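Undergrad: Protein chains in written order, with our numbering: chain A, 1 to 386; chain B, 387 to 580.
The set of hints was computed from the structure by calculation and includes no laboratory data. Warning: the hint list may mix true and false statements.
Listed next, the stretches of chain A that the computed footprint assigns to chain B, with coverage defined by at least 3 CB atoms under 8 Å from CB atoms of chain B [stated by the list, open to error]: (1) 43-54; (2) 58-66; (3) 266-272.
Pairs of lysine to aspartate or glutamate, EDC-like flavour, derived with a Cα cap of 16 Å [what the hints assert, rightly or not]: (4) Lys516(B) to Asp569(B); (5) Lys510(B) to Asp283(A); (6) Lys577(B) to Glu515(B); (7) Lys266(A) to Asp283(A); (8) Lys419(B) to Asp433(B); (9) Lys511(B) to Glu52(A); (10) Lys516(B) to Glu52(A); (11) Lys550(B) to Glu515(B); (12) Lys568(B) to Glu42(A); (13) Lys568(B) to Glu515(B).
As the structure is a prediction and not an experimental result, all values here were calculated from the model. Backbone N, C-alpha and C fix where the C-beta goes; we use that ideal spot for every residue, glycine too.
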Amino acid sequence: MDENKHEELISAYLDGELDAAEHERTAKWIEEDPRAQNLLQELQGLQAAMRELPRHRLENNLIQPVLEQIDAQPAEALYSMAAADIQPENIMYATAPAQHALSEPAAIVHANFELEKPLDHDRRRLYLWPAVAIAVAVLLMVFSSRDPVEEDRSVARSDLGVGQESAASQEATTRPPSTAAIESKPQFKLQSAEPRSQRRMSLEKTNDLAGSSLAERVAPAAEAGEASEFNEPLAFADQDSQASASETTPLRTTYLFNASPEIDIKSQLETLSRESSEVKVIDLGTAPHDASSSAVAAADYRVFDLYGDPEATYMMIEALKNVSGLTFSTRKRLRSDDFPIKSEKNKRAGTKIERLEKNQVFAQPAPDCIRLIIIVPTSRSQSPKR
Amino acid sequence: MKETIQSVSQDDLEIIKATLNESSQAFGELVEKYQARLYNSIAHLFDPRDAEDIVQDAFVKAFQKLSIFRGTSSFYTWLYRIAFNTAVSYQRRHKPTTSLDQKKETIGDYLPDKHDRPDEWLEKKERAEKIQQALHLLNEEHRTILILREYEEMSYETIAELLKVPVGTIRSRLHRARICLKDAINQVLHKDFE
């Protein structure tokens, strides 16, 4: 055994991490060898010094922020797994419910996201809201096809005034656009917020969902086949689940918008949220964009979170579509690391985005809210390329 | 306080059961109980300015995963694992921009022991600061293992599980880390004499 390996025994002896035989041998060695005794003393001194390290004092009590964040999340989150953070041991736990040491929760979601127990009535009601969210998403996606004809229709929609949303949107889907409008107006495009794996989860979870009034409202559009015009990543990518758009549509609760820098999106949003009083607009601040990232373009972005009752939020989204100069992003989903930390404010915004992102990716939308993230370049010279 | 692979304490188990019965407020008790300890440790291992966010995230994740907590380790060990993984991915996403000098500015407070005389307290404080400086001379691998073992008093097995390396590696790495710390302390002291 080389010297280092030998000395390791003294470290482990100090920590009480030797088996009985090793412990006995090492104790004997220390007793007989002054060098071993010196080393043990040194290590004891280091250990004592380490335990006197200064304490980092937590400035804020985290109970309230943690509970608020938890309350802002869907009830299902308690029974969901944050996919990106699943550690091997957790997967093992999840697939071995019989070994669960605690009282059984109402439902356990396995690693494959199948529900172990049938949902009770109340919980089933909670799942109605994701259905509503899906329905909204279907409608939004109908408006955002990359098909040139659909793009023209989107352009046409941008001509419509705020507040005419319901009827006007219906009309816009069938009204051919004018050439002038195509040249001068931006196009609406919708972005999926979820990776494919999560979409699969959503599909599995939503198969049993009942309809809703909102779902019924959007069903005709979906059945008309317009939604299937989406390209990847907007497409209904799962070939085996294309039979019915309303069944196969993944949950999409986050949408990215771009707006020209000259648009005062904040006041627009505030006006719209006042009109739709059940929607809250939360300004997450400005975040500089990392030029090395492929997302969107090198510009600063203003980030908003829309929060509210699904139907009210839907109305607001529709109204937003009619804000001239505002477009859905065609880029990848917003990622928290697209917002590098360069200031405390951006750091806070980044953290909020990260949390929002987690909510959207890992869990169903909350029963009473749909979340949206709007990004607005704050610099004209650096506005995103189209 | 030695942290070994142990089952969840009865107190924590009661709170966890209450939380699983859909009372998120009960979870607040676990936050209250462990936030300071977890924060302190994470602040030693990672950028202290991120520690609060990391700890808050870790509690929220723990809440989300509570139904899959098997209870074969203490709640704190399980929570610590979540916090550690959160911090590692946080660090990966946000490349560290903190210089050594900045880190030195963010070292923790040395809290006086009520039994210490002022001169004793000052002496201990100074010693603790030297150790802190020496720790920052070590590489991340050595600093991490020393904090986990000496500060968190985790068992080799728990550290091995956390760092995903064999127990034998922990034993040799820890010994190397201690020797490096000894050298670093000498270096810090030597610098003071110059």
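Undergrad: Next step is simple, just say for each hint if it's right about the structure.
TA: Against the structure, the hints:
1. 43-54: Result for this restraint: holds, n = 9.
2. 58-66: holds (count 8)
3. 266-272: Check failed, 0 qualifying residues.
4. Lys516(B) to Asp569(B): 12 Å, holds
5. Lys510(B) to Asp283(A): Given that 16 Å is the threshold and the Cα spacing comes to 47 Å, the pair is violated.
6. Lys577(B) to Glu515(B): Holds, at about 14 Å.
7. Lys266(A) to Asp283(A): 8 Å, holds
8. Lys419(B) to Asp433(B): 23 Å, violated
9. Lys511(B) to Glu52(A): OK: Lys511(B) and Glu52(A) at ~8 Å, within 16 Å.
10. Lys516(B) to Glu52(A): 11 Å, holds
11. Lys550(B) to Glu515(B): Violated, at roughly 31 Å.
12. Lys568(B) to Glu42(A): 8 Å, holds
13. Lys568(B) to Glu515(B): 15 Å, holds
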